[in-house]
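*Asks:* In the order they appear, the protein sequences are chains D and L. To convert, note that position 408 of the first sequence is 408 in UniProt numbering; the numbers rise steadily by one, no gaps. To convert, note that position 211 of the second sequence is 211 in UniProt numbering; the numbers rise steadily by one, no gaps.
For the record, the hints were derived by calculation from the structure and aren't laboratory data. Note that the coordinates shown come from a computational prediction; the quantities given were computed from them, not determined experimentally. Some clues are possibly wrong.
Cut-off 20 Å, straight-line C-alpha distance, at most; resulting in silico cross-link-like pairs (EDC-like, lysine to aspartate or glutamate) [stated by the list, open to error]:
hint : chain 1 : residue 1 : chain 2 : residue 2
1    : L       : Lys152    : D       : Asp31
2    : D       : Lys8      : D       : Asp30
3    : D       : Lys8      : D       : Asp65
4    : D       : Lys152    : L       : Asp30
5    : D       : Lys361    : D       : Asp388
6    : L       : Lys8      : L       : Glu97
7    : D       : Lys242    : D       : Glu428
8    : L       : Lys414    : L       : Asp357
9    : L       : Lys8      : L       : Asp74
10   : D       : Lys8      : D       : Asp74
11   : L       : Lys152    : D       : Asp30
12   : D       : Lys152    : L       : Asp31
Footprint (simulated), chain L over chain D, 3 or more residues, beta carbon under 8 Å [what the hints assert, rightly or not]:
hint : region
13   : 20–29
14   : 143–150
15   : 301–314
16   : 319–327
17   : 330–337
Some chain D residues well away from chain L (every beta-carbon gap over 10 Å; in silico) [stated by the list, open to error]:
hint : residue
18   : Pro87
19   : Asp388
20   : Val396
21   : Glu428
From the three backbone atoms N, C-alpha and C, an ideal C-beta is built for every residue, glycine too.
Number of protein chains: 2
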Amino acid sequence: MMRTRPLKVALLGCGVVGSEVARIMTTHADDLAQRIGAPVELAGVAVRRPSKVREGIDPGLVTTDATALVKRGDLDVVVEVIGGIEPARTLITTAFEHGASVVSANKALLAQDGAALHAAAEENGKDLYYEAAVAGAIPLVRPLRESLAGDKINRVMGIVNGTTNFILDKMDSTGAGYQEALDEATALGYAEADPTADVEGFDAAAKAAILAGIAFHTRVRLDDVYREGMTEVTAADFRSAKEMGCTIKLLAICERAQDGASVTARVHPAMIPLTHPLASVRGAYNAVFVESDAAGQLMFYGPGAGGSPTASAVLGDLVAVCRNRLSGATGPGESAYAALPVSPMGEVVTRYHISLDVADKPGVLAQVATVFAEHGVSIDTVRQQGKDGEASLVVVTHRASDASLTGTVEALRKLDTVRGVASIMRVEGE
Amino acid sequence: MMRTRPLKVALLGCGVVGSEVARIMTTHADDLAQRIGAPVELAGVAVRRPSKVREGIDPGLVTTDATALVKRGDLDVVVEVIGGIEPARTLITTAFEHGASVVSANKALLAQDGAALHAAAEENGKDLYYEAAVAGAIPLVRPLRESLAGDKINRVMGIVNGTTNFILDKMDSTGAGYQEALDEATALGYAEADPTADVEGFDAAAKAAILAGIAFHTRVRLDDVYREGMTEVTAADFRSAKEMGCTIKLLAICERAQDGASVTARVHPAMIPLTHPLASVRGAYNAVFVESDAAGQLMFYGPGAGGSPTASAVLGDLVAVCRNRLSGATGPGESAYAALPVSPMGEVVTRYHISLDVADKPGVLAQVATVFAEHGVSIDTVRQQGKDGEASLVVVTHRASDASLTGTVEALRKLDTVRGVASIMRVEGE
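One chain only, chain D, in its complex shape (with noise of 0.2 Å):
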């Protein structure tokens, strides 16, 4: 049952992802409206340069008015994907007040204003679908707040941005330090020439604010998320991570407290183990872990980023979408009934690796120990290195409070004996 009046669908952007879904709506035109049921028609594409001439794009669809064109009021579907908070937002609640349902790749104004969104298109009885603003092509926001909408998620763990794992990953594979790791990432693209967002971990600290939204039915604001870039990672944090049968990841977390009264969101570096399924993820890719009380360990691997990647979770949202208004529903919502609070860093609980650089002299362990066990933090492991006069001690903890280490570390730097905290880092994934 074929319906014969095309869905309109608008186009915010017409870059990298936005020219891709363009193309992939006229070549696979057929399959679209088979698999929604009614035709979809491009009625119009917001850009900034309209003088660029972009192929397969009727230039008469082309405007510079975006916000003429969210007015319009017979468009069924706005996909923006601008980017950015404005001109975004404004666009967006305005395409709902005007009828149509909205498909964004927009992760960092899903991740500071998604309750408000959520909120017109539900006072519109509208649509918002965002599967593209987290981990790309990955199917992740769908398969969270649907199929396991049955299920209890404990933790969201993942590697959410495609620049630093590459450059990560070349520091791992060759011995580089991060400026060479990152200089290459930009020669090859996969770097902007500002990296302050992915390496700074903004990028990623906003992923995880909608990964624990969704996963914990729990609004998770960006402010919420603590974030830690890793520019800071050496290589030698890399020969230590794999003294310990380790590698260095910067990482998405979004953990339920074990009493499951509150969550945590953060993103940093961290070592993981090699044997976990998270190490082996190579370059650019993404993959985020799930773990849940009834499904156990799941992992999504994939494409984190790219115009193809993008597009084809623009265009999965954009079926899912275009279905619904046909049949005049609309997909699940804002789910945020379980209104946990959210913890700051210092009751995060999880390992530690600590390089310290002592004086080379008897009862400085002693010392150090000591004072490891004044905050009530537990040593597993104490590996002591001596190099002219000079000594490094690696401690690494058993699970301990964030505030505990961060107390720990305070009072290693008052005495004598320490020269210096060469590195702390996270232990996680065991």
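The hints should help you fit chain L onto chain D, whose structure is shown.
*Replies:* Relative to the frame of chain D, chain L by itself:
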């Protein structure tokens, strides 16, 4: 906005999966109600042995008359976890006719009669969901038919049977033979007393039929799936695989032909490179690798069986179907519009690893090479090993059709100098 009249759910079967579904419906009742928008109520449980004590289930709900239960007329959803063809098929059809939607975990039935069941669902305006039928807890049916609905899937290749993966992993890691590894799997409860359905690939073939159908929007019946078990895989095969930098897995492979005009589906043991993500899938875990035009390579990993994981998948479907009931819509039904022909095994193109026992005399390699050439099968590498007057030849081919390879092997068997064909193994994932 919570509706107070509960949705009524009947459970057909209360074994390992069913009892876990019932348990979670009770213990997570509040969460399920929030996520659905209305409470769900267990309205009846059909079992074979009513005398068995079932903890947490009101004995007043238990009945042996499954037919009367599905005919009640007030049910919203029937969850079928009996398995097998009958009475499951008739009960599901009857449930549709009496107004209920259905969630099923029944791969054998879906693979054999999926089209008829989908038709019955559609006629009655009801949902048929079956995430649990393939790869247990791993979200796979929903990602394939919804997340990738705007993409073109070219290949689905996976480990979809935990029992055989446990056995093969054991053989790989310990050097054990098939029987020894099977005995251990049986002792640990990973293999059933009669392991035929698993080790002969029937279970994997059913899943391959379901996956191919969804991936290619084409009806693929169980009979269309080429099936070869793994009972003849030997310790020697694993040694050969190691020499090639490979391991051996029982794979379900669904492929679109290069020209896009036909598809194939098959289950057989195959060598895959140790670097392939599927190679590191250990124990009874499942993983499915998906390749599509836009998304590229995706992988889904998790527990493929067991009461809790399967219950997680069933409950995810239950939430979706209940939400659909409330909104008056139905989810995606069968999508078979592409109706591509399913080609026989002879048309499958892949690489082969062939071990021959040959006479240890000059000219044998030339004879063997000639036979390959005459059948249009190009040789990649040959390794010759002498042993006590006998010799073995290991040939790895370039890509060739299964029909050409079969012809080659038949001709090789007729050579006087070929004493026997020790093993033929396909090589995948390169």
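*Asks:* Give a verdict on every hint.
*Replies:* Here is what the structure says about each hint:
1. L:Lys152 <-> D:Asp31: At roughly 9 Å apart (the allowed maximum being 20 Å), D:Asp31 and L:Lys152 satisfy the hint.
2. D:Lys8 <-> D:Asp30: With a Cα-Cα distance of about 15 Å, the restraint between D:Lys8 and D:Asp30 holds, given a limit of 20 Å.
3. D:Lys8 <-> D:Asp65: This hinted pair holds, its Cα atoms lying about 17 Å apart.
4. D:Lys152 <-> L:Asp30: Holds - the C-alpha atoms of L:Asp30 and D:Lys152 are around 12 Å apart, at most 20 Å.
5. D:Lys361 <-> D:Asp388: OK: D:Lys361 and D:Asp388 at ~12 Å, within 20 Å.
6. L:Lys8 <-> L:Glu97: Since the Cα atoms of L:Lys8 and L:Glu97 sit roughly 16 Å apart, the hinted pair holds (cutoff 20 Å).
7. D:Lys242 <-> D:Glu428: 14 Å, holds
8. L:Lys414 <-> L:Asp357: 13 Å, holds
9. L:Lys8 <-> L:Asp74: Status holds; Cα separation ~7 Å.
10. D:Lys8 <-> D:Asp74: 7 Å, holds
11. L:Lys152 <-> D:Asp30: 12 Å, holds
12. D:Lys152 <-> L:Asp31: Cα-Cα ~9 Å, so holds.
13. 20–29: holds (count 3)
14. 143–150: holds (count 6)
15. 301–314: holds (count 10)
16. 319–327: holds (count 5)
17. 330–337: holds (count 4)
18. Pro87: Non-interface label stands for D:Pro87: nearest chain L Cβ at 26 Å, farther than 10 Å.
19. Asp388: D:Asp388 is indeed farther than 10 Å from all Cβ atoms of chain L, at 41 Å.
20. Val396: Per Cβ check, D:Val396 is outside 10 Å of chain L; nearest 25 Å; holds.
21. Glu428: For D:Glu428, whose nearest Cβ neighbour in chain L is about 18 Å away, the distance exceeds 10 Å, so it holds.
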